[in-house]
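**Student:** Each chain, written out:
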Amino acid sequence: MRGEILITDIIKKNKIEEVGAKNTEASDKMIGKWLKCDSCKEILYKADVKENYSICMNCGRHFRLSARRRILQTIDDGTFTELNEIMPDVNPLEFEGYLEKVNLLREKIKINEAVKTGIGEINGIKVAIAAMDGNFLMGSMGSVVGEKITLLIEEAIKEKLPLIIFSVSGGARMQEGIISLMQMAKTSAAIAKHSEAGLLYISVLTDPTTGGVTASFASLGDIILAEPGCTVGFAGKRVIEQTIKQTLPDDFQKAEFLLEHGFIDKIVDRREMKSTLTNILRLHGYGGEHK
Amino acid sequence: MKSAWDKVCIARNMERARATDYIENIFDGFIELHGDRNFGDDKSIVAGIALLDGDPVTVIAQQKGKNTSENIERNFGMTNPEGYRKALRLMKQAEKFNRPIITFIDTPGAYPGIGAEERGQGEAIARNIFEMSKLKVPIISIVIGEGSSGGALALGIGDEIIMLENAVYSILSPEGFATILYKDASRNVEAAEKMKMTAEDLKRLGVIDKIIKEPEGGVTEESREVFINVKKVLIEDITTLKKNDTEKLLSKRYDKFRKIGG
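Order-wise, the sequence lines are chains A and B.
Last residue of the first sequence: number 291 in our numbering, and the count goes up by one each step with no gaps.
Last residue of the second sequence: number 262 in our numbering, and the count goes up by one each step with no gaps.
Don't read these hints as lab results, they were simulated from the structure.
Take every hint as true, because none was put in to throw you off.
Derived DSS-like pairs (lysine-lysine); straight-line CA-CA distance at most 25 Å:
#1 B:K232 / B:K248
#2 A:K245 / B:K183
#3 A:K158 / B:K248
#4 A:K193 / B:K252
#5 B:K134 / A:K160
#6 B:K242 / A:K193
#7 A:K160 / B:K252
#8 A:K193 / B:K248
#9 B:K134 / B:K259
#10 B:K136 / A:K158
#11 A:K46 / A:K274
#12 A:K160 / A:K126
#13 B:K66 / B:K213
#14 A:K110 / A:K33
#15 B:K210 / B:K134
#16 A:K158 / B:K259
#17 A:K160 / B:K259
#18 B:K183 / A:K108
#19 B:K248 / A:K160
#20 A:K237 / B:K183
#21 A:K108 / A:K46
#22 B:K134 / A:K193
#23 B:K136 / B:K259
#24 B:K136 / A:K193
#25 B:K136 / A:K160
#26 B:K66 / B:K2
#27 B:K213 / B:K203
#28 A:K193 / B:K92
#29 A:K101 / B:K183
#30 A:K193 / B:K96
#31 B:K252 / B:K210
#32 B:K134 / A:K158
#33 A:K245 / B:K43
#34 B:K248 / B:K136
#35 B:K259 / B:K203
#36 B:K213 / B:K231
#37 B:K243 / A:K193
#38 B:K43 / B:K92
#39 A:K158 / B:K252
#40 B:K259 / A:K193
Use the sequences and the hints to build the structure in full.
**Tutor:** Structural data, given as structure tokens:
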């Protein structure tokens, strides 16, 4: 795991704890006023980082964002309507302790599931948007994530809206087994329908996007953007290293690697994400007079 | 009564019938077609055109070897992006010439390698799922051995999904599942049970439609009865699926996956 390190931990326990994936509303309160960038090791004042879109002021590293903050950074104030905020949990494998784990986590971090979906405006342009949340079971896709994303896409088709999905995911959710795998089919088939309707889908890859999410909707954007330095891949780095018995270079599966190999359209700094999305939407006739 | 792990072992058995055994015994005049027209020819996928009971069909099959040297040639049935892209090219060709598509699934998973990632393994799988969901010809998928992860799903978007009695289909291997969830790869037997990866479990979960019986000990290249049975089921299913107009075929296919985990 990668991310910010607590200075309070360094001082108090002389121990390094990585909390990069936890910089959410809930953990904001817990982690004090300072952080250490895991990339350049600079000690940063947390309020400044927050002000700077959660990007390291020193080296430009993009720290992970919760779905809530992603929506706040992307959607015009007061225009977001969340869809299907609460969905019934399922446990198709009757996997022991799974629902208890989900409920405990939900209470602790005050996040319902690994994706937030809804309708909102980007500089006045109405869009259907999904933001995944890496804080919730690594942003893994189980039935609820698959269903929420599919319902959003179907709403977008019905309302003829462009679709934007910010992905961050460890892949399919293991605890739901084959049913998680089938969410790849369900969401991708919905994307195909949205595409057939001639509507625009922009996929934004953030750190990390892997496994079953990479192998489904995240790779199916008409336009695919990525945040600088994010990890994107299908197989995990460790699995590949075990298979080929070699150590992989640091830049393997990074956004820049994907750009080089032709699998993303553009790397976009988070501070320019909203204006870039606006530009692409306008180039497709959204928000103009003719649409 | 076989345990889930027993079935995993049967599904992985070196003696087990391979995709080419099905192709030889079920179809006539099979002509193998090669390459993705972009990068190369992935030998973990055997694909081409053949006659099924006199009618042309497109066959796409994952092929494991019957011995070590064959397995090395076939990459142990682990498909690379160019394999999925070859499959997609031939599925699109099937659509153009209005041929039904039959896919045989047998893979421990999509290949996890440097080249596979460089050539977009995730994109290749996603693209197949996306395109298969809207192909205007009937698609039948049969899991004949191991159906593991997105590597299997990339050929698995069928109107009808069939499994051999001892085949398994899952999100990943029981060893991988045990490593991730129990932090202990040696709990693979227990994981296999918990994962609900047998044909019976998957039929109960509504993920697959039909199960085809196997002889005791599992299907081998000698199991003529199994091949006759698979052929019969394929002919029946294609006849039934052909009765749908395109719109109906596609809306049924959409709903089939739409309802899972909904």
